[in-house]
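Residue strings, one per chain:
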Amino acid sequence: MHHVMLDPIALISCISVFVQTPGNSSKADPETLVLIASLYVFALAAFLGYQLISRVPPLLHTPLMSATNAISGISLIGSLVIAGSKHEGQHAMLASLLGCAAVTSAMINVTGGFLITDRMLKMFHKKEPAKAEEKK
Amino acid sequence: MNLTYLIEAIYLLASVLFILGLKGLSHPDTARRGMIQAACGMGAAIVGTLFRPEVLHGNYLFIIIGLVLGSAIGIPMARVPMTAMPQRTALSHAFGALAASLVGIAEYTIQQPTHASVEITALGLEVMLGSLTVTGSLIAAAKLQELMRGTPIMFKGQQILNLLLFVSMLTCFVLWLTHPTVTPYFYGMAGCAFAFGIMLVIPIGAADMPVVMSLLNSYAGLSSAATGFVLHNNVLIIAGTLDGFSGFILSILMCRAMNRSITNVLFGGFGATVGTDTGATGTMREVTLDDVAVQLAYANQVVFVPVYGMATSQAQHSSRELGNLLEERGVSVKYAIHPVAGRMPGHMNVLLAEANVPYSSLYEMEQINPEMPQTDVAVVVGANDVVNPDARDNPKSPIAGMPIIEVDKAKSVIVLKRGKGKGFSGLENPLFFKPVTGMLYGDAKSTLTNLAQAVQKV
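These protein sequence lines map, in sequence, to chains S and R. Just so you know, this note's numbering puts 133 at position 133 of the first sequence, and the rest follows in order with no gaps. Just so you know, this note's numbering puts 142 at position 142 of the second sequence, and the rest follows in order with no gaps.
Chain R on its own, in the form it takes in the complex:
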């Protein structure tokens, strides 16, 4: 029938537009146009689907309810503050995976398969991956939103319990494949997957969330791709696979940025492990606000090193004001962004862009490190591991080998820090005891605002 060909052509067009959309994301200047193309592809695919024969001969009631309800929830979810992006994204992984598993379950009840086939295998994988992503993402979102403790939750026998859950999930899957008519196997598999998703994420600390987020992104995408196999729909396979691979690549990049393996992130329970730090001691040199203001005002190049803590206190706006004042004096102001500085990949860049920092001032770790020796003042906003020289110098450190922003090579380092205690991970940071380092205590936001005022008086 002609209409079927037309709809297939629309799906093909949508696939091409999605690909062009992702291609546009290779540069900020083309990104918006690309996403508009992708959105058009999506719109066309949706409208085309509404004219499929099955739908034309069915009824539109449930479709309309779903579309209206989805928009009513989706549109407000696009208005969250940028600091809440990680939890919003985690929630949307959950919704994507939920859609995939629901489609899988519905297909199973409709088809009532009697024997194993490729579709049935794909259906099983879809429901399994989908279900564990739903609960896993919800836990991740709860941790990021601080509805539950962000620190790893560990207990005795956890690994064994996880292994048992995983094995029983696979057993149910295999049993169900051989006896597809026995529904308890199917729902047993889904139940185990739900539980496994929870267990997978609770032992992971908030600092490791970038990896987990990317991994869940990957699972959500792959479960969509599996849906495509079940429904023989290529645009689903393409979009799902693109999503799956995007998540996969991001999780590898995030792991590399922390010099850890995925298994170590998932099963290591970082934050609970105790390594040997240098036990660095000595005196921290405290500096005064006016000293720092003078240093900044007469510098040639100033590099800010922001981390997530800065965003929670909304200090990025104060930092931008200070940066503006310095630029007016002819100081070159740059921002050095570590890949895991935020709570999800690229999070810090978005937060700074929101504070009106032009993207040409945002530098990746690899770009800024060679410039560090020529930097007059490096300002570390919030004490953290991403500038801990131990990662480079001390092979016994728990974070040994993790790439860092080498602020200690700058001519002068100013660390803005709330108090004298240890950082987020509980590691001692030898940077604080180096002679080039000056400590400026206090709340990041007010310190930066005060600095801006002091610079104006210089």
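Pulled out of the complex, with its shape left as it was, chain S reads as follows:
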């Protein structure tokens, strides 16, 4: 119980400290600082992921997989920027089209992933209401 309460909160606060760094970084900041911050984020997210996922019971492993799938659909935000920005040069159209295709694939995972996870989670229930009435 002690760990359950402490670990994620401590980790989130650690992460948020580093999340701020690249946010503030304009292009003037040295690139290495951004990289180091990113590596911290990666390492802490990996550790946090391990802690979080180990606590998911096997009962919910299928919803877990579809949930993480939906969440990693966040790559959508990268795709949106590519699809929406004005590009220069001979490959401008290609970049926009690739971006558009990426938005499509990521959006499939976001909508499909969250909807099916919810559909699955809705099915898990303790005891049927009817049964609870007739027993005890």
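It should be emphasised that the hints constitute simulated quantities derived from the structure, not laboratory data. Note that the structure is a prediction, hence the values are computed from the model and not measured. The C-beta atom is built at its ideal place from N, Cα and C for all residues, glycine as well. The reader is advised that the hints may include incorrect statements.
Claimed, not checked - Listed next, with one range per pair, are the computed distances between beta-carbon atoms:
| hint | chain 1 | residue 1 | chain 2 | residue 2 | range |
| --- | --- | --- | --- | --- | --- |
| 1 | S | R55 | R | Y441 | 39 to 45 Å |
| 2 | S | E88 | R | E146 | 43 to 49 Å |
| 3 | S | K126 | R | I65 | 49 to 55 Å |
| 4 | S | S54 | R | L289 | 42 to 48 Å |
| 5 | S | E88 | R | P76 | 35 to 41 Å |
| 6 | R | L175 | S | S54 | 35 to 41 Å |
| 7 | R | V80 | S | S54 | 24 to 30 Å |
To be verified - Footprint (simulated), chain R over chain S, 3 or more residues, beta carbon under 8 Å:
| hint | stretch |
| --- | --- |
| 8 | 40-51 |
| 9 | 56-68 |
| 10 | 73-84 |
| 11 | 91-100 |
| 12 | 103-113 |
Said to hold, decoys possible - Cut-off 30 Å, straight-line C-alpha distance, at most; resulting in silico cross-link-like pairs (DSS-like, lysine-lysine):
| hint | chain 1 | residue 1 | chain 2 | residue 2 |
| --- | --- | --- | --- | --- |
| 13 | R | K445 | S | K126 |
| 14 | R | K457 | R | K396 |
| 15 | R | K156 | S | K126 |
| 16 | R | K445 | S | K127 |
Please build the complex by placing chain R on the supplied structure of chain S, with the hints as guidance.
This is chain R only, laid out in the frame that chain S set:
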């Protein structure tokens, strides 16, 4: 600019909500709320992105096309039957990885890098991992959907070909890192990765799919995380890493449940290997439907051991009806779920939940095994390896050391089986010849329905 700070704050919020969402999944009661939080985080991040300066000064045409098309495909994909969950999930790994590789390729054409840097390395990794996950997942989905043969596809020189592909992929990667302007290196790398993804999955049998699915999940997540490095976006790194680690942990759990290493799953070509089974022989004791009905009706505790085959014949609903009748008679009914009982991690639990079995009746292998000696009747639905005592007793068995549900310790075992042949893996199962075991032949669904009727008459 203020808007930039606001958008960064939204991304931070989204990261926290994703983490809370996964934390909610630690219990079925909090899971739905958690996922709604995560979905809100996603929604906020998407809306925030639409107001980024690059997008505001660009155009929304391609964005709208993508979003509409994606929703049009994604929403119907959320309505597939639960038995098709594995192939749906495999497809979504493919889409996730495709998005990551497309972003990588687009970034490469936009940036036109001239020298190696950390971003370029991350970009290369992203495209490489992404591409091999795309084709690998598509093959996995095709196998699960039975569009292609589920058995391992092996041929002479396969290992050498795989090694060659892998080496040429890495060579292209290194060459490209040193000469980022030479596009053929880049596309050569992507091409090798596509081919390698196919080659990686075709020798893997349908029974090993839980491991492969988890592994591909991991790759798809890591390629998203690499995207985060390329775009300097922390929410991408966090979400991708969480996904990557989730897949990684699941693949370890699945391997442990089969007592095999990841390399053995990937390169072993299980199902083609011939081990020494006990060559167990003897007579199988056939029992009649009415005998079984009486046994079940007067039992104190009945444990059902379902496997994937049960779901394909939709027998879980009949099993639930039988379970209901027994519970009304005061019998305690439990379901014992082996980690690899389904075609993906946790698949069997979802199928039973769909059949209205409360999750408090679903027991994991470790929980149910100590209860087996007190169990009056264990009902094995579909013959399978997960109850094969050889795994425990015979060190020479190909599945030696694999943890099993110890049904043979129950007072009586009923095996529902289509015919007298060998199981899925072609192994002889000594359980069938034990004195406690009774064989009940026939289609699982109709047998269970008939059993329910017979129990009512007892």
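Check each numbered hint against the structure and report the violated ones by number, ascending. 3, 14, 15
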